[in-house]
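Chemist: Listed below, chain by chain, are the residues.
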Amino acid sequence: MDKDFASRRRRELIVAAVLALLAALAPLFVKDVYVQNIMVLTLMYAALSQSWNILSGYCGQISLGHALYFGLGAYTTALMFMKFGILPWFGMLSGGVLSALIAMALGYPCFRLRGHYFVIATIVIAEIALLLFQNWDWAGAALGIDIPIRRDSWLTFQFTRSKLPYFYFALVLAAIAWFVTWWLEDSKWGYWWRAVKDNPEAAESLGVVVFNSKMGAAAVSAFLTAIGGSFYAQFVSYIDPESVMGFQFSLLMALPAVLGGIGTLWGPLLGAVILIPLTELTRSYIGGSGRGVDLIVYGSLIVAISLARPQGLVSLFSRAKKVPAR
Amino acid sequence: MKISRRNLLLGASAAAALGPIAARAEASEVAIGVIYPLSGSSAQIGVDAQKAFETAADIINKDYDFKLPLAKGEGLPGLGGAKVKLVFADHQADPQKGRAETERLITQEKVCAIVGTYQSAVAVTVSQTCERYQIPFLSADNSSPSLHRRGLKFYFRASPHDEMFSKAMFDFFDDLRKNGQKIETLALFHEDTIFGTDSANAQTKLASERGYKIVADIKYRANSPSLTAEVQQLKAADADVLMPSSYTTDAILLVKTMAELGYKPKNIMAQDAGFSEKALYDAVGDKLEGVISRGSFSLDLAEKRPMVGLINEMFKARSGKDFNDYTSRQFMGLILMAEAINRAKSTDGDKIREALVATDMPGDVTIMPWKRVKYDEMGQNNDADPVLLQYLGGKFVTVAPAQVAVSESVWPMPAK
Amino acid sequence: MTAETIIQSLASGLLMGLLYGLIAVGLALIFGLMDVVNFAHGEFLMIAMYATFFLFAYFALDPLLSAPLVAAALFVFGAVIYLLIVRFAVRAKANAGMVQIFSTFGLAIVMRGLAQFFFTPDYRSINHSWLGGKTVSVAGIFLPEPQLVGALVAIAAFVALYFFIHRTDFGRALEATREDAGAVALVGIDKNRVFALGWGLGGALVGLAGAIMAIFFYIYPDVGASFALIAYVTVALGGFGSVFGAFAGGILVGLVEATTALLLPPSLKSVGIYAVYLLVVFIRPRGLFGSI
Chain A
62 MDKDFASRRR RELIVAAVLA LLAALAPLFV KDVYVQNIMV LTLMYAALSQ SWNILSGYCG
122 QISLGHALYF GLGAYTTALM FMKFGILPWF GMLSGGVLSA LIAMALGYPC FRLRGHYFVI
182 ATIVIAEIAL LLFQNWDWAG AALGIDIPIR RDSWLTFQFT RSKLPYFYFA LVLAAIAWFV
242 TWWLEDSKWG YWWRAVKDNP EAAESLGVVV FNSKMGAAAV SAFLTAIGGS FYAQFVSYID
302 PESVMGFQFS LLMALPAVLG GIGTLWGPLL GAVILIPLTE LTRSYIGGSG RGVDLIVYGS
362 LIVAISLARP QGLVSLFSRA KKVPAR
Chain B
133 MKISRRNLLL GASAAAALGP IAARAEASEV AIGVIYPLSG SSAQIGVDAQ KAFETAADII
193 NKDYDFKLPL AKGEGLPGLG GAKVKLVFAD HQADPQKGRA ETERLITQEK VCAIVGTYQS
253 AVAVTVSQTC ERYQIPFLSA DNSSPSLHRR GLKFYFRASP HDEMFSKAMF DFFDDLRKNG
313 QKIETLALFH EDTIFGTDSA NAQTKLASER GYKIVADIKY RANSPSLTAE VQQLKAADAD
373 VLMPSSYTTD AILLVKTMAE LGYKPKNIMA QDAGFSEKAL YDAVGDKLEG VISRGSFSLD
433 LAEKRPMVGL INEMFKARSG KDFNDYTSRQ FMGLILMAEA INRAKSTDGD KIREALVATD
493 MPGDVTIMPW KRVKYDEMGQ NNDADPVLLQ YLGGKFVTVA PAQVAVSESV WPMPAK
Chain C
118 MTAETIIQSL ASGLLMGLLY GLIAVGLALI FGLMDVVNFA HGEFLMIAMY ATFFLFAYFA
178 LDPLLSAPLV AAALFVFGAV IYLLIVRFAV RAKANAGMVQ IFSTFGLAIV MRGLAQFFFT
238 PDYRSINHSW LGGKTVSVAG IFLPEPQLVG ALVAIAAFVA LYFFIHRTDF GRALEATRED
298 AGAVALVGID KNRVFALGWG LGGALVGLAG AIMAIFFYIY PDVGASFALI AYVTVALGGF
358 GSVFGAFAGG ILVGLVEATT ALLLPPSLKS VGIYAVYLLV VFIRPRGLFG SI
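Residue numbers (our numbering), protein chains in the order written: chain A, 62 to 387; chain B, 133 to 548; chain C, 118 to 409.
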C-alpha cells in the first residue's frame, strides 16, 4: 500500500514534469498570437483554480470571493508601480503577502461559519472590497489604472507584442500551484483535512490544529491567487475594479476546478484546458452575431458537464486507470 | 469537335478579361474591425451599433447620391474600388476581452483599422493594443476625456468628449442667466463608472469656474435595484437644474422613482447616454417633457441636409429605430475611417494614420452638426460642436448652439 | 437632515425591504428550506418580468391581473427545471453543493442567452398600468402604490408560505425530505415529487414578485443580476430553515440600505447590507432565526 502510494506520487511528479516540458515547447509550434493568448489565459486560470482548490477543494471551505485576492494582487502591483515606481516584481510579492495576511484575518471569524453562511460571507466580503475600490479616488476609482506601455523589459515585466514572456510566467505559476497542491496532499495538513472529511468526530479532537491548518490553507491560496492578479495587471496593463474584483471572477476561478474535479490534483488543470479555450472560442466565433448564441452554447456545456460528471472530468481518467489494475 | 481560331481567341480574351477581375476580387476587400458589447448588460448598444455600421458599409460599397464621402460610386476608389468588409467582435464590456479580440482582429482577420467600443474602460485596452500593432483606432462613441490624453499615436476621436459636452451645457446656462433666468444651484447625479466619474469631474470644474453652486453630488451604483435613497437626496436639495449622467436602465428607474416620491425637478440637463435612448422615452416620455440632453447629433439637420433624413431612413429600415446620439456617431466613425483608408490608398497602418492626421473635412459633408473634422496632435477633433436637444412634444429639437438651433428653448421645464 | 427626510427614508426603506423580501421568498423556500442552491434565481425573476411585459404588450393585461397567470407559468417552469436539471444536481453523490451552484449558474447563462435571442437585448418597460407612477402621500411622506401593493403581496406570500410549511402535510413532507430522503422513501414519499412541487411553488412566488416588479422596473436579459445577491443575503441573514427569518431579513436589508444611504455616499449603500450580514453571522452563525 505504502509502496503503491509512493510510486503513484512519483508517477504524478513525472507526468507533471513531462506536461510542463511539452507546454514549454508549445510556442515553437503555435505562432498565432490569438491562440497564444488563449494558452496564457488557460495557464492563468489553471493556476488560479489550483490555488482556489487548496482552500475550497482540499480544505472544504468553499470560497466564492477569491476575486478579492486576485484584485488585491492586481491593485497592489499596479499602484506601487504607478505611484512609487516600485518594480512589479516587488509589487507582486507585496500583493501576495498582503492577501495572505488579509485571508488569515478574515479566516479567523469566517471559519466558524458553516456551509452557505460561509459561502455568502466570502461573496459579500469581496463585494465590499469591490465597492470600496470603486469609490477610492487615490486608487483611480472607476477610472482604473492604465499602465503605460514602454519598452519591452523583464524588469518592468512589459512586452508590447510578444506573448511568450507572459506564457512562460503563467506556466511557471501554474506549475508552482500544482506543486504546492501535490506537496500538501502528502503533508500533515493534507492528512488532517482528509481525516476531517472522512470522520466528522475527528474534527472535534483535532479542533485547534485543523483550524490552524485552515488558516494556512487560506494564506497559501490567497497568496497564489494574488500573484495571479499581479500577473493579470501586467498582462492586460489596465485594471479597473469591475474587471479584477467582480463576482463573476470568483465564479470563473472556481469553475475549472469544479468541472475538472474539485479537491483533486489534476482537476483544475483539466478543467481550465477544456473550459478556457471553449469560453474564448465561443465568444470570438459565435459572439459576433449579437444574438446571445455564445451564451447559450457556453451555459449549456457548463450544465451538461457539471451534471454528467459531478465528481469532475478527472474521474474519466481515474476509472480508466483502475480497471486494468484489477 | 472543331475548335475554330475565332473561338480560341474569344476564350483567351475572355480569360484575359476575367483574369484581372478575379485577381482583383481577392484584394478587393478592406477589412475593418468593429468591437462592441454584443452580449451582456449593454448588448442592446452593440446590436444597434451593428446596424449603424452595416448602413455605413452599405453606403460606401454601393452607389448613392449623397454629399457624403465615399457615397458616390462603389467601394473605395483609392484602392481600385475595394469593398469595405466589417468584422464584428464581442468584448462583453471586459477590458481583457476587448484586448484579446483586438489582437484576433489584427492578426487573424487582418483588419487594417478598428472602430469601437462604447465602454471607455474597454477603449483603454483596445486603443493600447492598436498602438502596439500600429493599427489606427477610431473611438466612435467613447466620451471619456482621459482617452486621448495618453500620448497614443494611433488614437483618433471625431466626436466631442465630456468636457466639450459639459462646456456646451454651461455656455447654455450662462446665456440663460444673461437673459434673466435664475440658475444658481445644480445637482449632479452620476453613476460610479468611468463615464459617470469623468462627466461629474468636468461638471464640477465648470461649475466652480463659472459660479454655480453644486448642492448635491450623488454618485450611485450603476444598475442599482433601487434609487429611492438617491432621489430623496435630490429632492431635499431641489436644485435649479438636475444634471444626470446615467445609462438607460438607471435613467428609467430615476425618472420613475422621482415621480413616485413626488419630486419634479425644475429642470433636467442630461449628459446624453440613457437620455438619448428611445427606450427611456417609450417608458417614461410623458414625465420628460422639456428635458434637455446634450448630443452630437440631431435629426433636425435633415431640414438643411436632406441626406441626413434619407440615411436615417436606411438605418431605420434595418433597426426599426431613428438614429440617436450613439448610432449616428458609430455610422460616422466608419465613414471617417474608410475615407482615410481611401486617401491613404493603402491598408498599411502607418499610411492610414498619416491620412487620418491629414484629415480636414468640412462638417456639411457629414451627417453631424460639426464644423469640421480635423484631429489635433492627440487625435481629438476639437471642431465637433456638441448640440443641446430638448424633448418637446414627443421629439427632440435642437435648441443650442444658436447657429444650428431650430427653435427657442423652453425654460424652465414645463410643469406637467 | 430633517426629520421628514429621515422618516421618508425609513418608510421607503421598509417598503423596499418588503420588496426584497418578496423577491427572496421563493428563494427562501428553495434555498432556505429545501437546501438547494439556485444561482438562476435572478433569471427566474427576469423570465417572470418578461412574461408580465408580453401579457401587457400583446393582451393589454394589467400586471395585477397577469400576476396569477405569471405565477402559474413560473410554477410549471420551476417544476420542469427541477425535473430536467436540478434533480440530477441534487442526486450527485460527490460535491452536491458545487454541482448545484454551477449547474444553475450555467442555467442562468443559458437563460440570459435565450432571452437575448428571443426578446432582443432592448430595454422594455410597462409604461402605463393601474398602479404605475401612482403614489400615496401622507403628511409629506410619499409611498408609491406599486411598492405598497408589493409590500402587501410580500406579507401575504410569507404568511401563506409559513402556513404551508408548518400546517400542511406537504410542508412536513418537504422538511422531512430535506432531512433524510432515504427515511421518507420508506414511508412512501417520493423525493422528486415533493421537491418538484417545492420548486414549482418557489417558481410561482418568483412569478408574483416578477409581476409586481414589472410595474415599475425596467426589463432586459440581465435584469436579474441586480437582485440575485441581495436575495441570497436576505435568506442567509434571516437564517436557513426559517420562513419568518427571510421576511425579517428582507425588512432589515431595506432599512439598513436606507440608513446607509443617509450616512455614506449612496454608491456605497450596499456596503451597509453586507456589513450587517457579516456582523449578524459572526455573532449568530445561523443567521437571525435560522435552524440549520
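Please note: incorrect hints may appear among the correct ones.
Which residues of chain C face chain A? A partial, calculated answer using Cβ under 10 Å [to be verified]: (1) V154; (2) A213; (3) G250; (4) T252.
Residues of chain C clear of chain A, computed beta-carbon distances all greater than 12 Å [unchecked claim]: (5) T122; (6) Y175; (7) M215; (8) R229; (9) A273; (10) L314; (11) V398.
If you are wondering where the hints come from, they were derived from the structure by calculation, not from laboratory data. Positions of the beta carbon are idealized from the N, C-alpha and C atoms, including for glycine.
Chemist: Does each hint hold? Answer for all of them.
Modeler: Tested hints:
The interface hint given for V154/C is met, as the beta carbon of that residue sits about 7 Å from the closest beta carbon of chain A, less than 10 Å. Among the interface hints, the one on A213/C holds; its C-beta lies about 7 Å from the nearest C-beta in chain A, closer than the 10 Å criterion. Interface hint status for G250/C: violated, as the beta-carbon distance to the closest one in chain A is roughly 31 Å, over 10 Å. Nearest Cβ of chain A to the Cβ of T252/C: about 30 Å, over the 10 Å cut. The hint is violated.
Look at T122/C: its CB is around 22 Å from the nearest CB on chain A, clear of 12 Å, so calling it non-interface holds up. Every CB of chain A lies more than 12 Å from the CB of Y175/C, the least distance being 22 Å, so the non-interface label holds. Remark: the non-interface label on M215/C conflicts with the geometry, its nearest Cβ contact in chain A lying 5 Å away (cut-off 12 Å). The beta carbon of R229/C is not kept farther than 12 Å from every beta carbon of chain A, the shortest such distance being approximately 6 Å.
The claim that A273/C is not at the interface with chain A holds, since no C-beta of that chain comes within 12 Å of its own (minimum 27 Å). The claim that L314/C is not at the interface with chain A holds, since no C-beta of that chain comes within 12 Å of its own (minimum 21 Å). With a minimum CB-CB distance of about 5 Å to chain A, V398/C fails to clear the 12 Å threshold, and the non-interface call is violated.
Checked against the numbered hints above, the structure breaks hints 3, 4, 7, 8 and 11 and satisfies the rest.
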